[in-house]
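Peer 1: Same order as they appear, the protein sequences are chains B and V.
So the first sequence is residues 211 to 422, counted in the numbering used here.
So the second sequence is residues 333 to 799, counted in the numbering used here.
Take these hints with a grain of salt, some might be off.
Restricting the straight-line Cα-Cα distance to at most 35 angstroms, the calculated cross-link-like pairs of lysine-lysine (DSBU-like) are [claimed, not checked]:
#	chain 1	residue 1	chain 2	residue 2
1	V	672	B	333
2	V	449	B	256
3	V	482	B	252
4	V	645	B	413
5	B	282	V	482
By construction, these hints were calculated from the structure, which means they are not laboratory data.
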Amino acid sequence: MDFKKKNNLIYFYPLVIFIFLVNFHYYQFYQDSFEQMKLLIKNKQKSFGDYEKIQSEHPYYEIWRLSESNEKVVFLNESKDGKEVDYNTTYFKNINKKIKKDYYLSELKLFVNYYFFPRNIPKFSFYELIFNNDKILTRGVYLISDFEMEGYYKKLLEENLCRKIKSPEQKLIEKKFLETYNRLKRLEISKKNYLIVNRHPEKPYYLYEVIK
Amino acid sequence: MNNYDFFNLIFFVLSIYLFGSVFFLIFFRKLFNKINLFIQISSFWILGNSLLMFLLLVLFLTNFLVLVNRQLILISVAILFITFLLIFLQKKIGFDKEKNHWFLLLLILLFFYPLIKNSISSFLIGWDAAAIWFLKAKALFNNIFPSYLKDENYLFSSQSYPIGVPLMLFAIFKWLGKINDQLVQFYFLNFYLNLIFLSFGIMIFLFKQILSQFIDKIFFLIITLSFFLGSNFIIYSHNGYVDLILSSYFAYLFWLIYLTFFRGNDFKKEETINLIFILAPISLNIKNEAIPFFIFILLTLVIYLSKEKLINKNFLSNIIFLIIFFLPFFGWFFYLKMNKILSFLDNHYLDFLKIENLRRIKIIFNYFFIEFLNTNKYGLSFITVIFALIFSLTILIFSKKITYKHVLLIFILLGQFLSYVYVYVITPLAFLSQLESSLERVLLQILPLIFILDVILLKNLIDNYKI
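Given only the sequences and the hints, what does the whole structure look like? Please build it.
Peer 2: Right, dumping it as structure tokens:
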């Protein structure tokens, strides 16, 4: 076979076409993905701008909405100590401190930081929040949370139904939690229909408004 | 999508091509006349980005970034356009006269139409994109960069990472008059498309002699598309990560090194070397992985020039380009030192001497082999190019047709790969998490190099086929 003679490349056509078809199979996902987004945008509220129509399919759309408003927002960031590190968590090195320590950043916290930038959203742990709820949670404040209050509330109810014996400390936590919980109204997070190729599903997050 | 914003973005992107074309036509005319349409377009794009990035870095370091606004951009584009027209009217421009190349260009754009639409109608979800590159661009846009650097709340955003791409995003946001992290993904996509143009252009440039008919060009186009259609390429083509931007620079520089080493007689060496001296230092402002590449490129160039006894006064005068375009990176380095911003690798560079760190090497190579066989991410591309590389290298070595210039090209590729291994060995971060989350991205940076090296070696093989 002499490559310099005319058209010996033809022998390679079937092999190359086969490899192309295998790889094209992946590309088709994106063709479909665009079509899907086009259909989703079509059915969005007319009051939405073009940016918001697309953004409303973002897993953290509600966080973005809040960042666009001037409302006061606080963040209940419970999973931050590295105990709950999973696919939804990334890590960074705390290099500016004298004591070097890895610290972890959940995807939710990452997007809270990104959307609200340069606003700095106060972040609290569960105990910090419930024990200082009267100071932190004033009426009209929005609470972004990676901790589901309803789940905890149900757990307490079950414990009480079973007449579980609790220590004074546990009773105080329960009291403070109920005090906080009763002041909150859960806000709905819209269902996202856009399928993102090759991505882990995000962890759920919760939004509350302080109503009392 | 908002049509007004979209056309504004298209205008900005076209202006980058215009910027690159004007300077390419003025300073690299001989090179321009000898390359085909696809390489010409990717040259405009890479050079345009480099020059704009250089200007923005100079403005940033001299504290004049506030000067960037719509009026300034509009006036600059008008001047560039008039200059382009003047060059065009001279009628000395050697635009590719092969009509079928224009047809193929249109075909590629039509093929990627869904991806182009996808890039302007998808939201930003990538972690590094939001946490590092776009956050920095937001800080620049809001004119609070110094305070952002000192804010401990944003330590996660790798403050010491270079700001070349955030500055480009800043300029786009200034032009749009707002931050739009959806539309701007089209800017990222241009690097991916130009990587394809460059690779395809190199193929038809090198295999010119065996292209007997138009269908052969289609055949080479299919080969190129097959390689770049792996899902990993598609995912990172416009999701706000800068790895494919770096990959474009690596591929273009690799190509220039090839021209200098192998086609020095057809091309004016001085032009290709000058272009290397502009692009290589600018690539340092994109991502830190460009540092080893920069060193290897310079090292191979010095070895080649001294072996060929080409280091003379002319060459030394060209170094002025290197110094000028290196200055912004140097400036950024001092800016970090002055603000006491550390890199996560600082104080860990000698950690490879520790036994526990050296033990990581086996794991790194295990991960590499898993990645190599991952057809979900790369289709059959990765496997095919590695096999082709081994095949062509074996024949060239045993037939003694391999030259020291080939070895230098392989040295660049291998050196870059080993630099990744080195970083994984010394990293103070959670080693496995970092390896798992970044290996696919760093491999994207060098995969096009393997493809281009394959093409170069196969070309050599065909030239020497009747051994």
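Peer 1: Work down the list of hints and note, for each, if the structure agrees.
Peer 2: To see whether the hints hold, each was checked on the structure:
Taking the CA atoms of residue 672 of chain V and residue 333 of chain B, the gap is near 26 angstroms; set against the 35 angstroms cutoff, the hint holds. At most 35 angstroms may separate the alpha-carbon atoms for a hinted pair to count; residue 449 of chain V and residue 256 of chain B meet this at roughly 21 angstroms. Annotation: proposed proximity of residue 482 of chain V to residue 252 of chain B is violated, straight-line Cα distance about 44 angstroms (limit 35 angstroms). Between residue 645 of chain V and residue 413 of chain B, the direct Cα distance comes to roughly 63 angstroms. Violation of the 35 angstroms bound is thereby established for this hinted pair.
With a CA separation close to 24 angstroms, the supplied pair residue 282 of chain B and residue 482 of chain V stays within the 35 angstroms bound.
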